[in-house]
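Based on the sequences and whatever the hints tell you, model everything.
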Amino acid sequence: MTTIPLEAYLVISTLMFFTGVYGFLARRNMLTILMSLELMLNAADINFAAFNRYLYPGQQDGMFFTLFAIGIAAAETAVAIAIIINIYRNLTNISVDEVNKMKF
Amino acid sequence: MSFTVIIVVLPFLMFLFLGLMDSKLKPAVAGLLGTIGLATVTVLSYITAFLYFFQVGKVDDVWQPITALNFNWLQVTEKLHIDLGVLLDPISVMMLVVISTVSLMVHIYSLGYMHGEKGFQRYYALLSLFTFSMLGLVVATNIFQMYIFWELVGVSSYSLIGFYYTKPSAVAASKKAFIVTRFADMFFLIGILVLSYYTGTFSFEELCNPAGPVLGTTIGDTFMGWSVVSWAMMLIFMGGAGKSAMLPFHIWLPDAMEGPTPVSALIHAATMVVAGVFLVARFFPVYYFGAPEVLTIISYIGAVTALFAAVIACTQTDIKRVLAFSTISQIAFMITALGVSNYGGEHGLGYMASMFHLFTHAFFKALLFLGAGAVIHAVHSNEMKDMGGLRKFLPITNITFLIACLSIAGIPPFSGFFSKDEIMVAAFEKDKIIFGILYFTAGLTAFYMFRLYYRIFWGERNKHYHHTPHEGGLNALTIPLIFLALLTLVTGFIPFGEFVSSNGEPFEAHFNWLVASLSVGVGVVGIVIATVMYLKKNSKPATMAKALSPLYKASFNKFWFDEAWLFATKQIVFARISKPIAWFDRHIVDGFMNALSSSTNWISRKIKFVQSGEIQDYALIFFVGALAIAAMVIFL
Amino acid sequence: MGEQIVFYVLAILIVVFSILSVTSRRILRAATYLLFVLIGTAGLYLMLGYQFLAAVQIAVYAGGIMVLYIFSILLTSHAGDKAERVSWKRQVPAIGAATVGLAFCAHIIYYNIKRVADLDLFNAPTMQEIGTNLMGTSKNQYVLPFEAISILLLACIVGAIMIARKR
Numbered sequence: 000m001t002t003i004p005l006e007a008y009l010v011i012s013t014l015m016f017f018t019g020v021y022g023f024l025a026r027r028n029m030l031t032i033l034m035s036l037e038l039m040l041n042a043a044d045i046n047f048a049a050f051n052r053y054l055y056p057g058q059q060d061g062m063f064f065t066l067f068a069i070g071i072a073a074a075e076t077a078v079a080i081a082i083i084i085n086i087y088r089n090l091t092n093i094s095v096d097e098v099n100k101m102k103f
Numbered sequence: 000m001s002f003t004v005i006i007v008v009l010p011f012l013m014f015l016f017l018g019l020m021d022s023k024l025k026p027a028v029a030g031l032l033g034t035i036g037l038a039t040v041t042v043l044s045y046i047t048a049f050l051y052f053f054q055v056g057k058v059d060d061v062w063q064p065i066t067a068l069n070f071n072w073l074q075v076t077e078k079l080h081i082d083l084g085v086l087l088d089p090i091s092v093m094m095l096v097v098i099s100t101v102s103l104m105v106h107i108y109s110l111g112y113m114h115g116e117k118g119f120q121r122y123y124a125l126l127s128l129f130t131f132s133m134l135g136l137v138v139a140t141n142i143f144q145m146y147i148f149w150e151l152v153g154v155s156s157y158s159l160i161g162f163y164y165t166k167p168s169a170v171a172a173s174k175k176a177f178i179v180t181r182f183a184d185m186f187f188l189i190g191i192l193v194l195s196y197y198t199g200t201f202s203f204e205e206l207c208n209p210a211g212p213v214l215g216t217t218i219g220d221t222f223m224g225w226s227v228v229s230w231a232m233m234l235i236f237m238g239g240a241g242k243s244a245m246l247p248f249h250i251w252l253p254d255a256m257e258g259p260t261p262v263s264a265l266i267h268a269a270t271m272v273v274a275g276v277f278l279v280a281r282f283f284p285v286y287y288f289g290a291p292e293v294l295t296i297i298s299y300i301g302a303v304t305a306l307f308a309a310v311i312a313c314t315q316t317d318i319k320r321v322l323a324f325s326t327i328s329q330i331a332f333m334i335t336a337l338g339v340s341n342y343g344g345e346h347g348l349g350y351m352a353s354m355f356h357l358f359t360h361a362f363f364k365a366l367l368f369l370g371a372g373a374v375i376h377a378v379h380s381n382e383m384k385d386m387g388g389l390r391k392f393l394p395i396t397n398i399t400f401l402i403a404c405l406s407i408a409g410i411p412p413f414s415g416f417f418s419k420d421e422i423m424v425a426a427f428e429k430d431k432i433i434f435g436i437l438y439f440t441a442g443l444t445a446f447y448m449f450r451l452y453y454r455i456f457w458g459e460r461n462k463h464y465h466h467t468p469h470e471g472g473l474n475a476l477t478i479p480l481i482f483l484a485l486l487t488l489v490t491g492f493i494p495f496g497e498f499v500s501s502n503g504e505p506f507e508a509h510f511n512w513l514v515a516s517l518s519v520g521v522g523v524v525g526i527v528i529a530t531v532m533y534l535k536k537n538s539k540p541a542t543m544a545k546a547l548s549p550l551y552k553a554s555f556n557k558f559w560f561d562e563a564w565l566f567a568t569k570q571i572v573f574a575r576i577s578k579p580i581a582w583f584d585r586h587i588v589d590g591f592m593n594a595l596s597s598s599t600n601w602i603s604r605k606i607k608f609v610q611s612g613e614i615q616d617y618a619l620i621f622f623v624g625a626l627a628i629a630a631m632v633i634f635l
Numbered sequence: 000m001g002e003q004i005v006f007y008v009l010a011i012l013i014v015v016f017s018i019l020s021v022t023s024r025r026i027l028r029a030a031t032y033l034l035f036v037l038i039g040t041a042g043l044y045l046m047l048g049y050q051f052l053a054a055v056q057i058a059v060y061a062g063g064i065m066v067l068y069i070f071s072i073l074l075t076s077h078a079g080d081k082a083e084r085v086s087w088k089r090q091v092p093a094i095g096a097a098t099v100g101l102a103f104c105a106h107i108i109y110y111n112i113k114r115v116a117d118l119d120l121f122n123a124p125t126m127q128e129i130g131t132n133l134m135g136t137s138k139n140q141y142v143l144p145f146e147a148i149s150i151l152l153l154a155c156i157v158g159a160i161m162i163a164r165k166r
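Protein chains in written order, with numbering that gives the first Met the number 0: chain A, 0 to 103; chain F, 0 to 635; chain V, 0 to 166.
Because the hints were derived from the structure by calculation, they are not lab data. Quick caveat, the model's predicted, so the values are computed rather than measured. Don't be surprised by glycine CBs; every beta carbon is placed ideally from N, CA and C. Hints are all accurate, no fakes.
Dumping the calculated BS3-like pairs for lysine-lysine here, alpha-carbon to alpha-carbon at most 25 Å:
1. V:Lys88 / F:Lys607
2. F:Lys166 / F:Lys384
3. F:Lys605 / V:Lys88
4. F:Lys552 / F:Lys536
5. A:Lys100 / F:Lys607
6. F:Lys536 / F:Lys384
7. A:Lys102 / F:Lys605
8. F:Lys117 / F:Lys166
9. F:Lys605 / A:Lys100
10. F:Lys174 / F:Lys569
11. F:Lys384 / F:Lys552
12. F:Lys384 / F:Lys545
13. A:Lys102 / V:Lys88
14. F:Lys607 / A:Lys102
15. F:Lys384 / F:Lys535
16. F:Lys539 / F:Lys384
17. F:Lys535 / F:Lys545
18. A:Lys100 / V:Lys88
19. F:Lys117 / F:Lys25
20. F:Lys117 / F:Lys174
21. F:Lys117 / F:Lys23
22. F:Lys391 / F:Lys535
23. F:Lys569 / F:Lys166
24. F:Lys578 / F:Lys174
From the derived model, a few chain V residues whose C-beta atoms are all more than 10 Å from chain F:
25. Leu12
26. Leu27
27. Ala58
28. Ala61
29. Arg84
30. Ile112
31. Thr136
32. Val142
33. Leu143
34. Pro144
35. Phe145
36. Leu153
37. Ala159
38. Arg164
Structural data, given as structure tokens:
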């Protein structure tokens, strides 16, 4: 018997997601942008788990999806950080303002 | 008789060969090849004439048209198709003989006249092209094939008039010739299209058969009082008038004298300019039965042109110009003869006379031009004032020129008398006014031709010759003259009516003593007046010019026709019509396209800032877009 | 009752720390706050009954990824640096976008609030079940994504090494 409604989880994940959106659009350091990205991913994962628990309790699709999402997030973070380190080596600076050469 | 297609094709092959090989051939070789090719064509034409007129042509005492070759080239609609073929009937075979003979004479003559000129091979190639086009024109089985070759003739004429393409006057003259004839050809084409639309056929056999499907049934449509056939034939005649230099399209012919003299002899005296006459003759049954009012108009235009050109020729001082106006006048004679002709055997006297005059005129006019060429070659000038007393230095030229002048003046027993007399008889029987005009013009003809003759060969010798003019005896320049003179002497005696007549029935033209003596008389009067004025140098010409001063000035300035046309084109067409259209094209049509491109540029300059290079801007747009799509999907 | 208290604690923890993480001006602190958020998320998974998921979350995310972040932060910046204030020109669109999105999602949640069924038959998956499902090949079983992910991880390892190696 659960006394916590589904919407509660959804509210949390929504707040977390849009905090991540704000962070992505407002921050200057590339690493902090990546961290906001992690926030967004985690919010989506909570959504998956919550829906699976409340709407399809007999199946585990949501859990496995979350599992794989975590794995992929890890891989993607690794590559992103490698790129950032490369940028740092060339520019000694990891502000997004510096990497705007692909423009008109 | 299908070997006759070689007559048409051989000059074309020669043109291709000489044209492509150009400077790889030595000039002498090119000239020889061209001449040999044409000699072959001439022999074949004579054989064709012999076979046609003496063996296969006459069936049941009527000359039949023989289609030697006809193949369907282009199918336009189910009924209408454009063929290419060879049609042999009395006038086309006669034209084959004329064209090939004169062309051969010109080829031989040019071996000497154009010797050493730059572009000798190109000249012979173009001569072959012209001969091909003209031959194709006269043997055409349908009006469209004739039109194709008509245009080809125009192109060859343009190329040959502008042969000395480094001379601005030659370039201008060739352009003028081409544009004026092309302008007339526009009407020709409209006429062809109207005719074929209403009759459903291009072919001469169907169109010209008086009992056939076209003329036998009346085509009922009318437009503004005239039937469509009349309109079509009027338009077609206007095309012919352009090519044959009738008023008011005659302006190109005097200027066309900028070309080499043998070219003038071939194209602008004997062959191309008679294409209009040939066209009317070819269509004669349609004119007579379908559009008789147009025939009347034709005869009046012809008569006026003849008089007009003769008046101008009396005052010109460039000998080639005099001959050019003389050509205009004589062709007008031929056209008038067709205009006053009736149909059928004896009644078609005008038709026969016109063709007879075409035949004889080709030879003596070519002779006159080639003789003038010999004179120009000896004296290095075209103007009469640089000549005089040449009879001692150029004997052969003198005699042959005299023979030609007597012929054109209509003195028996030369050929011109016979043909011109028949024209006079035909005019006398049809319309006395036209007879009167032609009569007076015949007198003028005699007068100005002998004025020309005396000014060149008699009178005092010009003291300022650079070197003594000489002839050189029998050579490439003089042999054609002698041959053409012989023809002029002989061809008058051909009983032409036995061979050529408006409906194929041979007839014997009887001699009208009244008209004959009248015409001889007026010719003699003209010669006498010219002798009195020009045999020895005196002041009578100057006094007469001053007495008739306004007429003299008008005649000398060619009645200001060139200026009138120039005014019409420049001030009216160019300024009022072409300029606004050009402005519209440049500013609105082009302007629209330019505006499209410049506005695209402007827009892109304004929106390129979307591609800012900032990752977060892209992310924002991405996010907003995703939100929008989600909203659309959920709420719509 | 106890559940609800735990839940609210976790919720507040997550929300507060996530906001702090995106607004903090010192990078290392932002990373630390993120770590707390991740741990809170693992707690949420536990509440939902997915123990394995919670364990994986801690092990991979909190343990692996955050360590990676800390390393790279230390590599690329002075840890005590204070970042500059974000300019207003940049904040406005960000806040705007976030707010609009929030409103949109809130509307949807609110609109559907009564439609969600409250099902009770739930068994927390055992490790056997998870293992069989992860390695199985029949319907609803995930060996294919598993293998795909392993290849992805291999590619990422190789890629990361290639990009970041010393020249």
